[in-house]
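Asker: Okay, here's what each chain looks like letter by letter:
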Amino acid sequence: MSFFARFAQNRGALVGLIILLLIIAMAILAPLLFPESPWRMVQRPFLPPLSQDGFPLGTDTMGRNVASGLMHGAWVSLLIGLVSTSVALLIGVPLGAIAGYYGGIIDDVLMRFTEFFQTIPNFALAIVLVAIMQPSITSIVLAIAIVSWPPVARLVRAEFMSLRNREYVEAARLVGQSNTTIILRQILPNTLSPIIVLASLMVATAILLESALSFLGLGDPNVMSWGYMIGAARTVIRQAWWLSFFPGVAILLTVLALNLVGEGLDDALNPKLSRER
Amino acid sequence: MPITENQSADTVLSIRDLNIALPKGADRALAVEDVSYEVKRGEIMCVVGESGSGKSMAANAVMGLLPKGVNATHGEILFEGQDLLALTEKQHRALRGLKIGMIFQEPMTALNPLMRVGAQIAEVFEAHGQFNPKERQARALELLIEVGIPQPEKAIRAYPFELSGGQRQRVMIAMALALEPILLIADEPTTALDVTTQAQILELIRDLQQRRGMSVMFITHDFGVVAEIANRVCVMRHGKIVELGDAKSVLENPQDAYTQALIAAIPSNAVPPHRETSQVAPLLEIKQLNKVFRSRGGFLKPSREVRALEDVSLTLARGETVGIVGESGSGKSTLGRCVVRLEHPDSGELLLDGVNLSQLKGDALRRERHRVQMIFQDPYASLNPRTKVGMAIAQGPIANGTPKAAALKQAGELLDMVGLGASAVERFPHEFSGGQRQRIGIARALALNPELIVADEAVSALDVSIQAQVLELLEELKQRLSLSLLFITHDLRVAAHICDRIVVMQHGRIVEQGSAEQIFLAPKEAYTQDLLKAIPGREAPVAATA
Numbered sequence: 001m002s003f004f005a006r007f008a009q010n011r012g013a014l015v016g017l018i019i020l021l022l023i024i025a026m027a028i029l030a031p032l033l034f035p036e037s038p039w040r041m042v043q044r045p046f047l048p049p050l051s052q053d054g055f056p057l058g059t060d061t062m063g064r065n066v067a068s069g070l071m072h073g074a075w076v077s078l079l080i081g082l083v084s085t086s087v088a089l090l091i092g093v094p095l096g097a098i099a100g101y102y103g104g105i106i107d108d109v110l111m112r113f114t115e116f117f118q119t120i121p122n123f124a125l126a127i128v129l130v131a132i133m134q135p136s137i138t139s140i141v142l143a144i145a146i147v148s149w150p151p152v153a154r155l156v157r158a159e160f161m162s163l164r165n166r167e168y169v170e171a172a173r174l175v176g177q178s179n180t181t182i183i184l185r186q187i188l189p190n191t192l193s194p195i196i197v198l199a200s201l202m203v204a205t206a207i208l209l210e211s212a213l214s215f216l217g218l219g220d221p222n223v224m225s226w227g228y229m230i231g232a233a234r235t236v237i238r239q240a241w242w243l244s245f246f247p248g249v250a251i252l253l254t255v256l257a258l259n260l261v262g263e264g265l266d267d268a269l270n271p272k273l274s275r276e277r
Numbered sequence: 001m002p003i004t005e006n007q008s009a010d011t012v013l014s015i016r017d018l019n020i021a022l023p024k025g026a027d028r029a030l031a032v033e034d035v036s037y038e039v040k041r042g043e044i045m046c047v048v049g050e051s052g053s054g055k056s057m058a059a060n061a062v063m064g065l066l067p068k069g070v071n072a073t074h075g076e077i078l079f080e081g082q083d084l085l086a087l088t089e090k091q092h093r094a095l096r097g098l099k100i101g102m103i104f105q106e107p108m109t110a111l112n113p114l115m116r117v118g119a120q121i122a123e124v125f126e127a128h129g130q131f132n133p134k135e136r137q138a139r140a141l142e143l144l145i146e147v148g149i150p151q152p153e154k155a156i157r158a159y160p161f162e163l164s165g166g167q168r169q170r171v172m173i174a175m176a177l178a179l180e181p182i183l184l185i186a187d188e189p190t191t192a193l194d195v196t197t198q199a200q201i202l203e204l205i206r207d208l209q210q211r212r213g214m215s216v217m218f219i220t221h222d223f224g225v226v227a228e229i230a231n232r233v234c235v236m237r238h239g240k241i242v243e244l245g246d247a248k249s250v251l252e253n254p255q256d257a258y259t260q261a262l263i264a265a266i267p268s269n270a271v272p273p274h275r276e277t278s279q280v281a282p283l284l285e286i287k288q289l290n291k292v293f294r295s296r297g298g299f300l301k302p303s304r305e306v307r308a309l310e311d312v313s314l315t316l317a318r319g320e321t322v323g324i325v326g327e328s329g330s331g332k333s334t335l336g337r338c339v340v341r342l343e344h345p346d347s348g349e350l351l352l353d354g355v356n357l358s359q360l361k362g363d364a365l366r367r368e369r370h371r372v373q374m375i376f377q378d379p380y381a382s383l384n385p386r387t388k389v390g391m392a393i394a395q396g397p398i399a400n401g402t403p404k405a406a407a408l409k410q411a412g413e414l415l416d417m418v419g420l421g422a423s424a425v426e427r428f429p430h431e432f433s434g435g436q437r438q439r440i441g442i443a444r445a446l447a448l449n450p451e452l453i454v455a456d457e458a459v460s461a462l463d464v465s466i467q468a469q470v471l472e473l474l475e476e477l478k479q480r481l482s483l484s485l486l487f488i489t490h491d492l493r494v495a496a497h498i499c500d501r502i503v504v505m506q507h508g509r510i511v512e513q514g515s516a517e518q519i520f521l522a523p524k525e526a527y528t529q530d531l532l533k534a535i536p537g538r539e540a541p542v543a544a545t546a
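Which chain is which? The protein sequence lines are P and Y, in order.
Position 193 of the first sequence, counted from 1, bears residue number 193 in the UniProt record's numbering, the numbering being contiguous throughout.
Position 163 of the second sequence, counted from 1, bears residue number 163 in the UniProt record's numbering, the numbering being contiguous throughout.
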């Protein structure tokens with residue numbers, strides 16, 4: 001059975017994939033459907049949804065088109081979520097794997113280093129990093145990655161510690177496989193499920209962290225993001241619910257889609273589940 | 001055709017035409033089909049079968065402890081005139097413990113680790129609202145004395161982890177007996193225990209049964225245990241009863257082909273055959289091997305030391321099978337793990353054909369690893385669930401420089417050799433049964449053409465009939481490929497079956513070693529004699545059939 005066929009057996013995963021593809025389509029189509037900058041003021045402010053042609057989701061406090069912001073924002077939010085999670089995994093997985101597999105002093109050193117990052121509150125560190133590096137998409141992605149890798153490292157380390165003494169790992173050691181091969185071929189594939197679940201949640205957290213940063217005015221001033229929209233609409237939430245509602249729903253759907261896709265990937269990669277069905 | 005019995009007045013439990021349905025998608029529709037048997041007053045009824053035979057299902061139905069989705073669909077279970085299948089959960093709960101006691105297989109997990117033993121026994125009284133707290137403690141102490149726990153005044157305040165496996169099982173028995181039940185159900189109560197402990201627990205159960213006139217329903221997979229303890233036997237297979245009758249007649253004169261096969265499959269506990277011991281140069285020489293495990297001490301916590309191996313010396317000739325026997329904690333597994341260098345010995349020499357393996361490290365060790373391979377105990381844990389079987393076998397040769405295609409081809413041939421067929425290459429481990437997985441493990445060990453194979457409890461996790469097949473395969477491969485085997489086991493019957501020489505270990509030391517014949521016929525040390533005496537069913541007629 002092909003990989004996709006196994007993936008598609010999980011209905012939820014399929015739904016998640018469709019939502020995700022729609023959001024990606026939104027991001028790609030944004031410049032075509034709304035060629036004007038989403039920052040431009042185009043109508044009078046506080047226009048409710050569906051009250052005027054061309055403004056299906058209304059306008060915001062400054063008279064900017066909410067629909068346009070939402071579509072342009074999709075690009076930034078997705079980019080930040082996926083890239084920063086990838087970077088965090090690239091730091092966290094190897095560190096955790098090495099610490100968990102070798103143990104002893106190596107483990108001690110790496111874990112103290114990890115704890116150094118964990119003792120500083122995530123958000124405070126992210127603010128400092130962005131402020132130092134100047135707000136831009138790159139600095140935001142980096143800052144989010146730097147504050148979110150420690151849990152990955154800890155999770156991977158715990159998984160490695162419990163798996164490294166399994167009999168099949170010992171068997172691999174016995175036939176003379178190198179440590180690198182054992183880590184990559186024997187243990188890592190068996191830690192995929194929790195990593196995938198954690199990663200899909202991390203994308204969500206990253207989108208939210210970016211929202212919080214934009215809310216504080218530390219977002220990239222050149223790009224519209226969902227976080228910025230919610231942040232800007234906070235003060236008027238009682239007068240204009242739609243300003244925070246639509247970007248909020250967009251974040252919710254993205255996170256949900258990612259979780260569903262993550263679960264489906266996990267099932268499809270698990271040989272046991274995929275054949276039993 | 002179902003086998004039935006006539007019901008008489010002294011019947012305690014009577015199961016009639018019982019059908020238990022498994023949920024959809026299971027490997028068969030009925031876990032138990034048309035099962036009828038009785039347990040009479042004051043007898044020990046043994047229900048025997050291999051894993052998956054449904055032997056525990058009927059007992060679970062009696063206790064009202066059937067797993068979710070599994071239901072009795074037909075028949076009745078009569079206990080003191082009432083049908084247990086018709087009871088509500090609340091009525092069942094009142095019956096459990098009070099009228100029917102139960103002991104489980106795993107004494108580790110059946111006790112609450114955070115509760116003192118005395119309190120756990122007292123809880124049984126509390127659950128049925130008997131006695132006041134002070135009387136409960138007194139009763140608990142009496143029970144602990146009755147089940148023969150050493151230092152009962154101390155044991156009553158102990159936590160489960162402070163007791164040995166055998167002592168924990170005694171506590172379980174004390175709890176099961178607390179309310180003086182009429183019927184005791186024992187589900188594989190000795191499977192997790194050492195032979196000598198098993199013998200003691202069996203004696204205790206028989207003793208208590210006679211003293212109290214209880215009836216016991218004893219579920220086991222081991223015909224040796226049956227021979228030790230049973231009055232009557234019920235042999236089950238695939239959810240059906242294949243034979244039912246007196247222990248003596250079933251054991252001496254089994255009617256059904258399956259029962260005959262089961263009894264014949266028990267590794268012979270008669271005297272092992274005489275084997276020629278060749279006087280060739282030793283392949284493996286172990287000299288004065290020492291290994292101490294230290295737990296890291298902490299703040300205000302002294303470090304602990306366990307001497308796993310003390311001055312262990314032995315030799316193994318080319319083409320020879322040496323058995324290492326001993327109880328848990330004897331250091332036999334540590335010895336095996338040192339030989340394959342999964343553990344680093346503290347001192348001593350491990351000479352394989354003159355090369356000292358004990359001092360090798362890093363890449364030098366990795367280059368020598370292919371010479372000694374291991375077959376692991378647990379057929380489920382020893383294969384990577386995400387690696388295809390062919391790859392699992394081929395990864396050794398690949399790591400040692402064989403091109404991938406050639407290694408996979410060789411893996412197919414090996415799978416053919418161990419009787420699985422080359423098509424198994426493309427499948428995942430979970431598609432195989434325990435015995436088949438153990439064959440895969442053997443193929444993997446053979447892939448590197450090792451000079452020595454260490455088999456650590458390689459057949460312990462398997463059913464007897466499968467066990468016999470795997471032992472046969474090992475024997476055959478050994479002859480064909482002129483392998484040398486270091487066979488580690490706690491089961492003397494298995495050792496007698498396959499080993500040329502036997503080494504007996506206790507507390508990290510070698511107690512006695514000699515040819516298998518010598519150890520079985522004329523054991524010199526008291527400990528060896530104890531071990532032999534403890535083999536279940538040794539004096540029973542089982543020996544004659546093998």
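These are computed hints drawn from the structure, not numbers from a lab.
Remember, predicted model here, so these are calculated numbers, not experimental data.
Cβ coordinates follow ideal geometry from the N, Cα and C atoms, glycine included.
One thing to keep in mind: the hints can contain errors.
[Stated by the list, open to error] Facing chain P, from chain Y, some residues (calculated, C-beta under 8 Å):
{"#": "1", "residue": "116"}
{"#": "2", "residue": "120"}
{"#": "3", "residue": "123"}
{"#": "4", "residue": "360"}
{"#": "5", "residue": "366"}
{"#": "6", "residue": "369"}
{"#": "7", "residue": "381"}
{"#": "8", "residue": "384"}
{"#": "9", "residue": "386"}
{"#": "10", "residue": "399"}
{"#": "11", "residue": "402"}
{"#": "12", "residue": "403"}
Asker: Using 8 Å as the Cβ threshold, decide whether residue 403 (chain Y) counts as touching chain P.
Answerer: 16 Å, violated
Asker: Given residue 120 (chain Y) was flagged as interface, is its beta-carbon under 8 Å from a beta-carbon of chain P?
Answerer: Check failed: Cβ of residue 120 (chain Y) comes no nearer than 29 Å to chain P, outside 8 Å.
Asker: So, as I understand it, the hint says residue 369 (chain Y) touches chain P; can you test that by seeing if any CB pair is closer than 8 Å?
Answerer: Since chain P brings a Cβ to about 4 Å from residue 369 (chain Y), closer than 8 Å, the hint holds.
Asker: Answer holds if the nearest beta-carbon of chain P is closer than 8 Å to that of residue 381 (chain Y); otherwise answer violated.
Answerer: 5 Å, holds
Asker: If you take the shortest Cβ to Cβ gap from residue 360 (chain Y) to chain P, is it below 8 Å?
Answerer: Since chain P brings no Cβ nearer than about 12 Å to residue 360 (chain Y), farther than 8 Å, the hint is violated.
Asker: Can the hint on residue 116 (chain Y) be confirmed by a CB-to-CB distance to chain P that is less than 8 Å?
Answerer: 30 Å, violated
Asker: Just to be careful: measuring from the Cβ of residue 366 (chain Y) to every Cβ in chain P, is the smallest value less than 8 Å?
Answerer: Nearest chain P Cβ about 5 Å off; hint holds.
Asker: Would you check whether residue 123 (chain Y) satisfies its interface hint, that is, whether its CB is within less than 8 Å of any CB in chain P?
Answerer: At 32 Å from the nearest chain P Cβ, residue 123 (chain Y) fails the 8 Å test, so the hint is violated.
Asker: So, residue 399 (chain Y) near chain P? Judge it on the closest CB pair being under 8 Å.
Answerer: 4 Å, holds
Asker: Is the hint on residue 386 (chain Y) kept, meaning its closest Cβ partner in chain P is under 8 Å away?
Answerer: 4 Å, holds
Asker: Does the closest beta carbon of chain P sit nearer than 8 Å to the beta carbon of residue 384 (chain Y)?
Answerer: At 4 Å from the nearest chain P Cβ, residue 384 (chain Y) passes the 8 Å test, so the hint holds.
Asker: With a cut-off of 8 Å, does the beta carbon of residue 402 (chain Y) approach a beta carbon of chain P closely enough for the hint to hold?
Answerer: Cβ of residue 402 (chain Y) sits 11 Å from chain P, so the hint is violated.
The structure is inconsistent with the numbered hints 1, 2, 3, 4, 11 and 12, although it conforms to all the rest.
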